[in-house]
Amino acid sequence: AQKITQTQPGMFVQEKEAVTLDCTYDTSDQSYGLFWYKQPSSGEMIFLIYQGSYDEQNATEGRYSLNFQKARKSANLVISASQLGDSAMYFCAMRRGGSNYKLTFGKGTLLTVNP
Amino acid sequence: NAGVTQTPKFQVLKTGQSMTLQCAQDMNHNSMYWYRQDPGMGLRLIYYSASEGTTDKGEVPNGYNVSRLNKREFSLRLESAAPSQTSVYFCASGAGFSGYTFGSGTRLTVV
Chain X
1 AQKITQTQPG MFVQEKEAVT LDCTYDTSDQ SYGLFWYKQP SSGEMIFLIY
51 QGSYDEQNAT EGRYSLNFQK ARKSANLVIS ASQLGDSAMY FCAMRRGGSN
101 YKLTFGKGTL LTVNP
Chain R
1 NAGVTQTPKF QVLKTGQSMT LQCAQDMNHN SMYWYRQDPG MGLRLIYYSA
51 SEGTTDKGEV PNGYNVSRLN KREFSLRLES AAPSQTSVYF CASGAGFSGY
101 TFGSGTRLTV V
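Going down the list, the sequences are from chains X and R. 1 is the number of the first residue of the first sequence in the numbering used here; add one for each residue after it. 1 is the number of the first residue of the second sequence in the numbering used here; add one for each residue after it.
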C-alpha cells in the first residue's frame, strides 16, 4: 500500500522568502506520480504541480518547484518568493502507475505567510 | 466553466436520515472519485469509479454507497447517516497522469 507522510503540521514564512514543504512517500511501484495541491481557507482543492517517477527533471510551475529525490523517496514542494495569498493548507499526494488511478493523500501542512 | 460540479454545498441531517450527494463532470474523464476530509486526516478515498459501469471501495467505504450513472455523473449515498459521517466531501475526476479536478466540496453535518 502507498503511504504519504507530511511531517510538518504547520509552517511559517516571511513574505518574499522561500519555503520548503516536506513530503516523503512509500511505495514499491516503479511507476507512480506525485502531486501537490493547495487548499485555501475557502476550501477548494487547487492542483499545483505534478512529478512522474520517470521524469529526470524536477517539475516547475511558476513559483512552485518540486524537489524530487527518488532514492530518498521525497517530493518536497518549494515555494519561492512567498506571497500572503500562499497562506493555505498544502497536500502531497501520490498515485500508482498503470490502471490504478487512485490518489493517496498526506495529512497536509498549514502554511502561514507573515507580512 | 468546465470542471466538476457538486451539489449540495451544505447539508444538515439528523441521525438515521438518508441523502445523496451529486457529482457531475464535463471533462470526459473516465475516472471519478469520492473523498472525505476530516481535520488532521487529509483526504481519504471513500469510493471510486475507474470507468463507466464500474465502482470500487476505497479506504473508508463503510456506511456509503455509490452509483456511476453515466460517464458524467457519480453519486454518493448515505443510507442512514451517523454523526461520524460529519465531514467535508469532495468529488473529483481525473484522466491518468494529470492533475485531478476537484469539486467545491459538500459540508455535511449529522446531528
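Please keep in mind that the hints were generated in silico from the structure rather than gathered at the bench. One or more of the hints may lead you astray.
Subject to a maximum C-alpha distance of 30 Å in a straight line, what follows is the list of computed DSBU-like cross-link-like pairs (lysine-lysine) [claimed, not checked]:
(1) R:Lys71 with R:Lys57
(2) R:Lys57 with X:Lys107
(3) X:Lys3 with R:Lys14
(4) X:Lys102 with R:Lys9
(5) X:Lys16 with X:Lys102
(6) R:Lys57 with X:Lys16
(7) X:Lys73 with R:Lys57
(8) R:Lys71 with X:Lys73
In this text, all values refer to a predicted model and were calculated from it rather than measured experimentally.
Inset, instruction - Kindly indicate which numbered hints from before are broken by the structure, ordering the numbers from low to high. - result: 3, 5, 6 and 8
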